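*Asks:* Listed below, chain by chain, are the residues.
Number of protein chains: 2
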Amino acid sequence: MRFGHFDDDRREYVIHRPDTPLPWINYLGTEAYFGIISNTAGGYSFYRDARLRRLTRYRYNNAPFDLGGRYLYLRTADGEFWSPTWQPTQTELDDYECRHGLSYTRIGSRYRGIRAETLYFVPLGETLEVWRLKLTNEQQSAVELSVFSSIEFCLWDAQDDATNFQRNFSTGQVEVADGVIYHKTEYRERRDHFAYFACSEPLEGFDTARESFLGPYRSWDRPVVVQQGESTGSIAHGWQPHGSHHVKVTLQPGETREIGFVLGYWENPRDAKFDPPGSQTVDKRLVRPVIERWLRQECVDEGFAALGRRWDELLGGLQVDTPDGDTNRMVNIWNAYQNMVTFNMSRSTSFYESGIGRGMGFRDSNQDLLGFVHMIPERARERILDIAATQLPTGGAYHQYQPLTKRGNNDIGSGFNDDPLWLILGVAAYIKESGDWSILEEPVPYDNQPGSEESLYGHLQRSLRYTLERLGPHGLPLIGRADWNDCLNLNCFSDTPGEAFQTTENASGGVAESVFIAGQFVLAARELAGIALCLGRPAQEYLDAAEKMAGTIAEHGWDGAWFRRAYDFRGNVIGSASNDEGQIFIEPQGMCVMGGVGVEDGTAVTALASVRERLATPHGIILQQPAYSSYRLELGEISSYPPGYKENGGIFCHTNPWLMIAEAIVGNGDGAFDYYKRINPSAREALSEVHRCEPYVYAQMIAGRDAPTHGEAKNSWLTGTAAWNYAAITQWILGIRPELEGLRLAPVLPSGWPGFTAVRRFRGATYHITVERGGSRSLLVDGAPIDGDVLPAAPAGTEVTVTLTL
Amino acid sequence: MRFGHFDDDRREYVIHRPDTPLPWINYLGTEAYFGIISNTAGGYSFYRDARLRRLTRYRYNNAPFDLGGRYLYLRTADGEFWSPTWQPTQTELDDYECRHGLSYTRIGSRYRGIRAETLYFVPLGETLEVWRLKLTNEQQSAVELSVFSSIEFCLWDAQDDATNFQRNFSTGQVEVADGVIYHKTEYRERRDHFAYFACSEPLEGFDTARESFLGPYRSWDRPVVVQQGESTGSIAHGWQPHGSHHVKVTLQPGETREIGFVLGYWENPRDAKFDPPGSQTVDKRLVRPVIERWLRQECVDEGFAALGRRWDELLGGLQVDTPDGDTNRMVNIWNAYQNMVTFNMSRSTSFYESGIGRGMGFRDSNQDLLGFVHMIPERARERILDIAATQLPTGGAYHQYQPLTKRGNNDIGSGFNDDPLWLILGVAAYIKESGDWSILEEPVPYDNQPGSEESLYGHLQRSLRYTLERLGPHGLPLIGRADWNDCLNLNCFSDTPGEAFQTTENASGGVAESVFIAGQFVLAARELAGIALCLGRPAQEYLDAAEKMAGTIAEHGWDGAWFRRAYDFRGNVIGSASNDEGQIFIEPQGMCVMGGVGVEDGTAVTALASVRERLATPHGIILQQPAYSSYRLELGEISSYPPGYKENGGIFCHTNPWLMIAEAIVGNGDGAFDYYKRINPSAREALSEVHRCEPYVYAQMIAGRDAPTHGEAKNSWLTGTAAWNYAAITQWILGIRPELEGLRLAPVLPSGWPGFTAVRRFRGATYHITVERGGSRSLLVDGAPIDGDVLPAAPAGTEVTVTLTL
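So the sequences go chain by chain: A and B.
Using our numbering, you'd call the opening residue of the first sequence number 1 and step up by one each time.
Using our numbering, you'd call the opening residue of the second sequence number 1 and step up by one each time.
Hints should not be assumed to be uniformly reliable.
[Said to hold, decoys possible] Which residues of chain B face chain A? A partial, calculated answer using Cβ under 7 Å: (1) 357; (2) 710; (3) 711.
[What the hints assert, rightly or not] Dumping the calculated SDA-like pairs for lysine to any residue here, alpha-carbon to alpha-carbon at most 25 Å: (4) B:406 - A:504; (5) B:284 - A:632; (6) B:284 - A:495; (7) B:677 - B:746; (8) B:284 - A:633; (9) B:284 - A:496; (10) A:406 - B:500; (11) A:284 - B:632; (12) B:284 - A:630; (13) A:406 - B:505; (14) A:248 - A:406; (15) B:406 - A:506; (16) A:406 - B:498.
Rather than coming from a laboratory, the hints here were simulated on the basis of the structure.
All of these numbers come straight from a predicted model, not from anything done at the bench.
Where is the CB? At the ideal position from N, CA and C, for every residue including glycine.
Could you put together the complete structure from these sequences and hints?
*Replies:* Right under this line is the structure:
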């Protein structure tokens, strides 16, 4: 069952009814000012940091779901009122449509002959959002309308705002000047920033106190001010600062009017906060021109067009035309878009991530790179250097760092032994895309300590050494707190309720080893060797280490029909046919084959067959089977989930593209593409009543076959799934793969495809690629045949025509 | 304007309408299982720790305010439904009444001829709450009713529950067996505890998934199950576990039926969690008999009666009959009740305290003692020893400790230099009440380190020494992070938004001194000297130190017409006529006079006159004047509040009783009682539309004269205000004052009073006290005149008649 449709021409998903199975959200903002917005205008906004600079208040897990947002009310002279975005009044509208586009959302409806469409977006270069309401009178007679806006301000620190009422109910402050509502809580003390909410029309009235606007014991479904048709002019003193304008318009039959609202964030210079100086009145001289500009309709038009051009440019890095519509749609629009959102948000802000908890993940951010490095290589470069500067002198890593300070997060700690290797893979991806070898010479400190700088290349060497210095009794890498699977906690032994598995002090003296890290090491060592070779530096050491580790995997990591997962604290095997539960895990199958392990001797193919037999479901590939039916002290969080959910037998989508890549590596294009389609959200659109999450982006998890809700997705948007699926389809199935030596073209297509075309921007040149099946293999570049599958370097700015016949 | 009335005979506050200015709450539970409940059944429950063992979900600062609670719905066969507690349907009821009593609440209403009354309480000795619904058909014909219950389960850790959705939406689990709903999220792993929700009647149906009960995008005001009259039998898998029963009853005209619900918490032995062992099914064999018992009506009747007897006993420690009804009501019922609640909750759980943040305060808990030590001296003894064990070897103190672990809280830290002195005052109060000198010989560790034990007396000596080892250039005590006023941060200099003033690293090298601590030191040193004298230990040293400090105050702490507040980091005076703002503070005026400073030389009287002139308002005495109009880096948080709120010129009620005591000390009974009445909540009942908080308990703060909302109270219930006001009225104005040598009777009455009577339990004996005005002073004990004003010791169990003629 569908709740909408894709409008690929406009790069929009169009939602047909407001009561989607879950709120289906979108993101506003691409630089510093961000927001989430649902299909019924729910959500919130923030400046840079979703925890510390939250502009508007939102209550997660509320009932109704998704209450709190960017609300408008229309009221006719007879007293009837409704919200043109359905929420919060939930009026049964005559029609309704939400169009989620690239960094904008447009929600339209018709009721009582009034068409109302609201466009929400954040202009480039600004720290504000625009709401443009377009009203059309489709009645036969003139109509007099009251328009009310409503937002609730958050008192900046979202965590404190939700818990510290003995203070916060006394601190709220606002100003209203020239019809603009200024929210200035704590501006009087240490904040140099405030929020503002402005309207393009002369005001009939306003409210800034939530209770005055809503009325006592009321919610947003029937604010007393809207019901009565009259603002109160309230000024908030503590309690809940709120912003509401009241505007009256009369529309002749057929007439259209536009009303603009601007909600923004502003920082004044610390020494110019007040006007006059010495007063407590916000100095508005710098912000006023910005507000006035964005209340002008022509400025909004141009700003919206500029946003579209920005996305043209970003998406222009790769556009494909394949026989499969779901592939085209995801690669050309939504997967790329999700990659950019993931880059901007890391794991902080979604319908599932409350913006309170998590910093930037060392491991996450390195993987997110894979998805956006071709769109903005310079941002990837910056991100890499930020990450590397949090690496520890041991070569280990803080598991997370804070985006505002860029310092490693001591609370989460370190010792996730896969972390350092991701830095090698991230840097390799960056160089492959950009050809920018200079990054390796950048001096980067350890743990942000001045004086500790070493070249980034030195960091990569330490990363590899970190693994080699931490091998277990089988010669496999020690797992530490966890490897990629944060929930496989082999040194934790937690029996205390609520204790965090990732931060609790680990038991010492164990020998827990990870086959996953072993596979990852082989991959990373070979990548570093490739880099070293290009640089003319010694590489043999890395190749030897990779070879040796591959041998160790073959000896101690192979279970007979698949790769084992790990050895536990006491040396017992995990992910083996000899286990009663958790016999086979997906991660080592994917990572070992990606590292090349078993590709030559055929064990890779055997492992992949086992995956298909034991883990694949119509909704994707399960993380492990059989799921753990009870808690296992020696395994940790993985066994804490009910069977079929999350790491305990859920379809953890992040891992699925590894299997797609592995299938491509062994030449199975049908198998790779089959897996791709199983979790491709567009391909699952018709199952929306089962999938429940947005059909335009990947979710982190789909409930596995042991779950009563098999097929139900959760945790959409912010997941490494986005970057890896993008890599799997574009680099391995379509085979347009950046390498150190240039752009490789090595598709592994499903057998039914006659071919595809693509346009790929690479190191400044643009490649027009045609892949077609023919009698015999040939590769033509600008009409001339070339050997191998790596396209020769082309000068920046040139257009290159490439034809590959398979 | 009133929203209810006091029913003193039943010890209840009776609320007449549901839409009180703010939710007016009460507390359920007195031992281990607790809840808050509003006058419309809002609130939540927890076991011991409001953060880590939260049973039900509540959303603070929601709209409507106070949504989420212990809800019932009634539905007639024609499909109409309503909540007999008004929320959440907000149906306009034909009548409504909420009776908040001592640890129980009863909410009744009538609608469509159905009278419904629900009694909520926690039986003594149990970890569960009972809801008893009594339905009466007042119609002329039989009526068929559906009853639906509704609670939403919290996933135990309230902080995690409100932020970590990427995990929590996948973990929820329930069981339903024999009509009982078991909430067992995480029971499968490390929790040995679960919640249950049972009903006394055979079920027509049930729901355990919130969305199934409410319906998509709905709230509790119109659950789809109630609207349709049929439960769905939903079993929650992740998302939001919920509990709802459906019961059908037919009531003949005039018939009354009772339906019982039990919501509880249960811990199984770790090795007997599952039945059968090896399964994942909750072992219910231990809990079933408990559930069955409390579903029986006669058991509930007896349990409720036992609760009443418990309160009879607790309140029996002191009952007074004075000419002032507000005094009688607060002393005999509500203030004593609030003292017990404050003792149980510290500052964790109220409408303003979200249960997430704060541990037990070293300073808070010592002061809270003052209010309940006469009711349960043995609990006070235990509390004192817990507190003292967190004292540091330096004599300093952690500012807070955690109630579950009883360890000092490193996050909040130490260095609040008033803290150690409160231990002396708390112990003195305990000994005075109990006569239990043995506590001083108890071995108590420092910082909970085994091996560091010293007698409690030694702890008190170190407390005093802590101050003497930290004197500033004027000889006044250094203030450290702060003294009693947490918001006067003289060493902080915070310019970072959102930084905590109390935990940020302080600047070093300053000389900030506190006149308040100086006054407190004089008081504490004299108390310790008194204890030493009784013990026959050296006391002169303490008396000399007190004398010397009093002299220092006179020299450097006296401003000419009042006591100064402090000297800042650089030695500049605070709380002086020479300041432009913050010229006079309330705290040193109260504390110095309580320490006896200036009582002999008349400066005390001068200071009190200044308070009356500059700080007293009809709504209470303001903390300081003039309020700080802008943020002052050198003063910290106090200047962060808008003028008139909290410490920045608010009426911080905690401090007001110090002035009442000071007035009593200088013999001004009219002045003392005048201040008492200004903030006495019962006396402010008629101002409820201004005061807004509950008229039956003290609030921490009333907005001061600089605030636009002057007279509006905030942060009711959990405040040291309760204990101190109780001490002021009972010990100083009524003058029934425990001393080391026995019970002193030294009233300082308002001039208009002819006298009063009281019954006071003291060290096991019961004193029947009559105070009356007469020609000449005499004190008769059992008819015989005695000298002085200390009653001779009476054997436990005896009744003593005391007549004081003034």
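*Asks:* Are the hints correct? Go through all of them and say.
*Replies:* Now for the hints, and whether the structure bears them out:
Because the smallest distance between the Cβ of residue 357 of chain B and any Cβ of chain A comes to about 6 Å, under 7 Å, the interface hint for this residue holds. Look at residue 710 of chain B: its Cβ only gets to about 10 Å from chain A, farther than 7 Å, so that hint breaks. Violation of the interface hint for residue 711 of chain B is found here, the shortest Cβ-Cβ separation to chain A being roughly 13 Å, above the 7 Å cut-off. For the suggested pair residue 406 of chain B and residue 504 of chain A, the alpha carbons sit about 20 Å apart, so the restraint of at most 25 Å is met.
This hinted pair checks out: residue 284 of chain B and residue 632 of chain A have alpha carbons roughly 22 Å apart, not beyond 25 Å. Only pairs whose Cα atoms come within 25 Å are accepted, and residue 284 of chain B paired with residue 495 of chain A is accepted, the gap being roughly 22 Å. Proposed proximity of residue 677 of chain B and residue 746 of chain B is supported: the alpha carbons are some 20 Å apart, at most 25 Å. The straight-line distance between the Cα atoms of residue 284 of chain B and residue 633 of chain A is roughly 24 Å, inside the 25 Å bound, and the hint therefore holds.
Of the supplied pair hints, the one linking residue 284 of chain B and residue 496 of chain A holds, its CA atoms being roughly 22 Å apart against a limit of 25 Å. Taking the CA atoms of residue 406 of chain A and residue 500 of chain B, the gap is about 21 Å. The hint holds against a cut of 25 Å. Only pairs whose Cα atoms come within 25 Å are accepted, and residue 284 of chain A paired with residue 632 of chain B is accepted, the gap being roughly 22 Å. A distance of roughly 18 Å separates the Cα atoms of residue 284 of chain B and residue 630 of chain A; the hinted pair therefore holds under the 25 Å criterion.
Proximity of residue 406 of chain A to residue 505 of chain B is assessed by CA-CA distance (about 21 Å); at most 25 Å being required, the pair is judged to hold. Between residue 248 of chain A and residue 406 of chain A, the direct Cα distance comes to roughly 48 Å. Violation of the 25 Å bound is thereby established for this hinted pair. Of the pairs offered as hints, the one joining residue 406 of chain B and residue 506 of chain A holds, with about 24 Å between alpha carbons and a cut-off of 25 Å not exceeded. Between residue 406 of chain A and residue 498 of chain B the alpha-carbon distance is near 18 Å, which keeps this suggested pair within the 25 Å criterion.
Of the numbered hints stated above, those contradicted by the structure are hints 2, 3 and 14, listed in ascending order.
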